[in-house]
Every structure is written in C-alpha cells, then in structure tokens.
Amino acid sequence: MLVVWDNLNIHYDGADQRWTQFNARHGGRFSFIYTPIHASWMNQVEVWFSIVERRVLRYGSFANFDEIDDRLIGFSRHWNESEARPFRWTWRPDKSEDRLRRAA
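47 is the number of the first residue of the sequence shown in the working numbering; add one for each residue after it.
Hint data in this document are derived by calculation from the structure and do not stem from the laboratory. Each residue gets a CB set at the ideal place from its N, CA and C atoms; glycine is no exception. Any given hint could turn out to be false.
[To be verified] Label-pair ranges, simulated between beta-carbon atoms:
id, residue 1, residue 2, range
1, Ser107, Phe76, 27 to 35 Å
2, Arg71, Glu129, 40 to 48 Å
3, Pro82, Arg148, 16 to 24 Å
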C-alpha cells in the first residue's frame, strides 16, 4: 500500500523509528512516499484548505466551536452548491525553469 504524505515532522521516523516499526508490525506492506518540500499547492486538499482559511477563518470572529462548525458547514454547502468545480492548474514546470534562469 502506498502512503503519500507531506513533509510534516511527525511523518518521519525520528529516533524511535516509529514508522519503520509500524510497517514491520504490518508485514512491510506500506511504502511511504513524500510530496516535495514546499509543494502544498500540488495537493488538492491543501488548495481547498487554503480557500477555507482565506474565506472563512482568517478574519472570522467566533464565540465558540459551534459557531466555527456552523460557519464551516455553511461554507461547504455554499461551495458545493454554487462554486464547486475541478481546480485548473496553471503552473507549468517550464515557467519555473525560466524564472530560475532569469534570477541566476
């Protein structure tokens, strides 16, 4: 089974070898794949979290957790009913290579 995750510090073994031991306990059936560093834009759920953070959480003022919950559920319903569409990526590797050449 492939496990794809970001470079969050808890996703690495560390001194206790937690993921190596976890995999050994489960018959070595896991392969851990890491997304590139600073590449959260490649992960579509990260794109979604960014939208939620900008449009709901950043300037929100909430009296309690229920209010946050209501606002998040409301935004999700609104998004699904009127804004949901596939994300269109506009980034191309050749553009980044050109920028790097110009900056060098």
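Status of the hints after comparison with the structure:
no.: 1; hint: Ser107 to Phe76: 27 to 35 Å; verdict: violated, 42 Å
no.: 2; hint: Arg71 to Glu129: 40 to 48 Å; verdict: holds, 43 Å
no.: 3; hint: Pro82 to Arg148: 16 to 24 Å; verdict: holds, 22 Å
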